[in-house]
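Participant: Single-letter residue listing:
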Amino acid sequence: MADNDLVNVKIDGIAVQVPKGTPAIEAAKKAGVDIPFFCYHPKLSMEAGANCRMCLVEVATPRKGPDGTISMAKMPKPQTACSLPVSEGMEIETQTEQVIADRKAILEFLLINHPLDCPICDRGGECPLQNNTIFYGPQNSRFIEEKRHFPKAYPLSKHVVFDRERCIHCARCTRFTDDISGDHQLAFLKRGADMYIDTFNQSKMVSKFSGNVIEICPVGALLSRDYRFKARPWDILSQKSICTQCSNGCNIKLDYRVGRLQRVNARLNEAVNEEWTCDKGKFGMDYVSTDQRLVTPLIRRDGALQPATWSEAMDLVVQRLKEAGKSVGAIGGARCTNEDNYILQKFFRNVLKSNNLDHRLGTYLPPAQSGLHARLGYHTMGNAIADFERMKTIFVIGSDLVNEQPILFLRVRKAWRFKGGRIIAANPAATQISEFADPEVTYRAGAEVALLNGIIKILAERNPSAADLPGYGDFIKSLAGWSIEKAAEESGVSAERIRRIADAIFSGETAFIAGKAVTEHPDASAVIEAICNLAVLSGNAANVNIPVTQCNAQGAMDMGLLPDSAPGYTPVEEPGLNTRQMLEAAADSNLKALWLVGADPVAHYTDADLAKRALGGDTFVIASELFLTPSAELADVVLPVASVAEKDGTYTNCERRVQRIFKAFELSPDVHPDWFVFADASGRLEQPLPYFSARDILREINVTVPLYADCSPQKLGNEGIRWQYPSAKSDLQLVPVEYRPLAKVTVAE
Amino acid sequence: MPETRILLKHRDEPGIEDIETYERLGGYTALRKALGMERQEVINEVKSSGLRGRGGAGFPTWIKWDGIPKNTNQPHYVLCNADEGEPGTFKDRELMLKCAHQIVEGIIIAGYATLSKVSYIYIRGEFVESAKMVRKAIDQAYRKGYLGKKILGREDFDFDLYIHVGAGSYECGEESALMSSLMGERGQPRLKFPHAPLPVIAGAWNQPTLINNVETYSVVPHIIVNGGAWYASMGTQGSKGTKIFSLSGHIAKPGNYEIIFGMPLLDLVELAGGVTGGNLKAIIPGGSSVPLIPAEIAKDFTLDYEASQTVQYRMRTMRLPVVGSGGMMVFNDRTDIVTLMLRTAEFYAHESCGKCTPCREGTRWLYKILYRIVSGGGRPSDLDILMNICDGIDGRSYCALGDAAAWPIMGSLKHYRHEYEYWIEHKRSPLGDNFVPPVPNRLNLNFELLPAR
Amino acid sequence: METNGNEGGHRFSQKSIAQLDEIITHYPERRAAMLPALWIAQREYDGYLPPEALQEVADRLERPLSEVQAVASFYTMYNFRKRGRHHLEVCTCLSCAVRGAYEVMHKLEKELGISAGEVTVDGEFSIAEVECLDFCGAATVVQVGDQYFGNVTAENVDMLLDQLRNSDSHTPVELADALVKIMTPGGSEAAPA
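Chains as they are written, first to last, in our numbering: chain R, 1 to 749; chain E, 1 to 453; chain X, 1 to 193.
Next comes chain R alone, as it looks inside the complex (with noise of 0.2 Å):
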């Protein structure tokens, strides 16, 4: 917003410029000025807001009288500073009599339903209603009535369990489900008194997001199953952390007490999550907590993993690698942070010397020049997560996106419903997306190039400025034999589907999204080459993104686990053996070492076979993990390895933002990072890598890879970097694509 836009007005006194139409409670916290709340929340729409009138201010606005001067007039009612929009001369009284009176009064109708079972309430000690009381209540009730009964204690899902006696009716959560997860799940039924939330027809609550009615509730209405009569709050510690179910890099806090977490909550980063989590990481976190973590190496002794020492492990590791010489590997990376995987490629490609590594255990596995990088000039994500909000028009294809992005999910979704952008998307099945995507077309699997091949023929044939694109002639050749009603025919999405579809993309900045149904797919670096063609032709190059979906294998790119490429995506001069390349030279006995760093192959690779033949052969396995994974089972040597809440260090997310951890607690003390096993190793072979702790490698990160020189541990702060490429891609082309139908395809090398 302009400068012009903005309006001076007064709180209690104090002057503040804000822009115009912001709401006066948000005002009021530039002047300093408290004032209490239930129901707001700047995420959720203000229509069914500004229902509890905690919020009530004194307001008074100028008005010219008829003989040219002002004066202040106070409205007759008290207002909701909450959905009060100030505007120019605006005076808002917070502390009046009849203002400290409302308050009370407020409270006073709010508690009279309110059971006041607050010890034994999970809330009791972070409770909004609690607090507001204590600052503004009234000393005592004068409710001798019988308040309003319901079942304590109602399940209302896996996670989420409900109190309806508690319940303020504050409509947070309701608009929690209507606005931002969209899965309309929460709804008030009946009316005054007798109103109350319920799924429909008291089904199951069945939501991605259910942990987030949980922390946005004011009161202990929405609890959680886990972590209820866990833990009081003020007995909690905290910590800043990033989740680490997916690649979104959601911020978060570890609330653990006596060395064990006992629940997560969001942290406000509005740059990635904003202040959401998926379920996936709010209640899927407590693995770092459980009783099967392992706390003591195991060696392999007459057939059987057994108990060991660190010296027992590491000296028989560094015996076996000195053996092995170059003929060594490692594969996983993706769990780990940045400083451990700088380390494990240091160790390996300055003392090991082998550049055999690789984090990735999907099939496609493209040289880190090719692909997405040769044709746009970046990896994965040309936008950040928070460029969705302003695009046009999103392009989702190939991807479940709840379930593989599902903050991008979120952050689609907003762009739908508070930024006016259009959604469509393609996708081999039916998606959660269909709630709002318009059109979602589900298309035959594996034709995903037939119908870009159409989308591309619209288009093509209305940007005529195409044609000075280098490969133009070409391009425009293999498409030759290419129709709307043989894309229709091939992909099985109407013609007439496929023109809507062309339509939204021509009408402006277009993003695209594509997710594992192209990375998984046999072809899949010619499907990237056809959304490639599609985002060059509509003038959307630097709107392609492929994210990860590991929670940093962002970040193990970056610090080159990658066979063809160092730290920085610096080539290196003989490419070693990627994952699948390792596998089958360890099936082969052609391989003496294998070091797994927090990667189960027998579990996650595509070829469960292969990776069970490579891991029980000749090959000496050693497993970095926190748990006996089935490949850890096949281990030679088992290191247990520090969990996200037992260490420091950097997470890369999808958007390559490089964000901070920080150490929770300690599991045991025979538990240590990933990079000081590999450091220990290192020094047992008399080549010490001498470093202190994570923040001492990120310093040298900092200096020795460009991308991450502005990431140091005292700039990162609370948001983290999203680092840049030097610079964007300037020679941009059309490739022609050949398009192979599915059964034709054999899987690509």
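If you're looking for bench data, these hints aren't it; they were derived computationally from the structure. Positions of the beta carbon are idealized from the N, C-alpha and C atoms, including for glycine. One or more of the hints may lead you astray.
[Stated by the list, open to error] Below, a sample of chain E positions facing chain R; criterion: calculated Cβ distance under 8 Å:
(1) Asn71
(2) Arg190
(3) Phe193
(4) Ala349
(5) Gly354
(6) Lys355
(7) Thr357
(8) Glu361
(9) Glu448
[Claimed, not checked] In silico contact screen, one side only, chain E against chain X (beta carbon under 8 Å); selected entries:
(10) Gly85
(11) Glu129
(12) Arg135
(13) Lys136
(14) Ser181
(15) Trp205
Given the structure of chain R, go ahead and fit chains E and X onto it with the hints provided.
Facilitator: Structure of chains E and X alone, referenced to chain R:
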């Protein structure tokens, strides 16, 4: 002073529900005349008539009409509020039943003046008979070309009128809640000015929306035919023309009476045959929302928008209306004020939409305390609590329903505090055992106040 | 369950579907037809709205289930339990209350052997107290289906019951049908059901 029937002129005319009869009696001449006028002229005529909204608030009608943006291609809507629900009011029901064409004509004129293409009449679901008459009137108007495309040959005037039927909610008579209900949502009020634009700028579906009461639209044809000055020649300084009052309760001839503003309150009671079953005790002059007036001071009141009563809260004095929606309830001296207020409180507790805290919790609390008092559990401190609760609701709630729930209680506490005190002290009515309304038998004051709803 | 050839257990007849399609065209948004659609459902589902009826409305209007239930439960004229063939709704609001509405209510309860909210064993009658029906001039007012009965007293309420016993009219389904016709253009000219 006699009745002055303008809107109800033809109510006893046989066959008035047929368009032919209505036309014979001068119907739709106003529409023809209006279509011959500039749109702004129509609005100016309404302005000069001094017509004020008949729904209860008495807002000048022309300001709404004039506020609809002109020269815009945005769709905009004309709404007719026929969700009459105020206890004691039944004028709209009779207007629809007997004079539906008059309403339809008024709506079409409003549509012409505001350049609208679509209008809705929101009728409460209980009014089946009245709504059938409106349906019939609309169908006939379509057949005659008063509705539909190119009305009366005007190339630039297409206008549709649809009926939207409610389903049982007093709150939907509030204009923004009515719009919520029209849009298919729960009938809860929406943000109002200054929190959101006025309905004439962004109302239903966020488009400019004109909303008026049935009675207001019914006046319009008469203003157009006879001129605004004619209408303004009747009534008082601030209240022009006639108003229909619905008389009920202990009255000899209950029914709708159309009178010129400014008539003394007691004259209207006399007009309706006077009180039955005893002497006059109190009058609720304008629907259950306005405070009652005891017989002793009733002679001081005239029926116009200027008339008001005050109530005193701890920190403020409120001036409350008398005319309201025109639902006049007359009570004889067998009426117990406390049980009457209990029944009033029950109505508002039952009809509160539940959106905002003061109304949702406060109305039910008022009801619970009053019920306790008439059940013999009253305490002297209860009266202060009642006044505090009213203070906490009035002006603090999301919409005017909360205010309307507090006013009658405050009024009764002002005039009849001694009856409350008698109940509290003696645990029975000052009228002995023979009083109306009786104490209802309620098992659970927490849920579904009226069973089976 | 009778399906009328509809998918997914839907029960709307072809006539109802046509009426709903017509009503939807009255509004700029499909969602606005929520109240009309619920009335049609109440007609099709025997005078009340079981969960399947709400499901059908949600499907036909493409709205979330929770929203349909939230809207339906707000309004008191939608029934969630089966009512008697004649559902007697007695106004007990102010004007009626001072003119004997409670006596009428008690008489009905005694006569029918049920209390407010219940249905007689034979399914003939159910009774309820309601708020102001806005026909206060004829207090006490009783609504039965699509019909108002005015000036009811404890003395003449027997006559009303007798009249209803011998009548097939004024059922909850008829009420819903009447309202749907009122919302359908040309409804006044349609032949009575």
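Participant: Need the list of violated hint numbers for this structure, in ascending order.
Facilitator: 1 and 3
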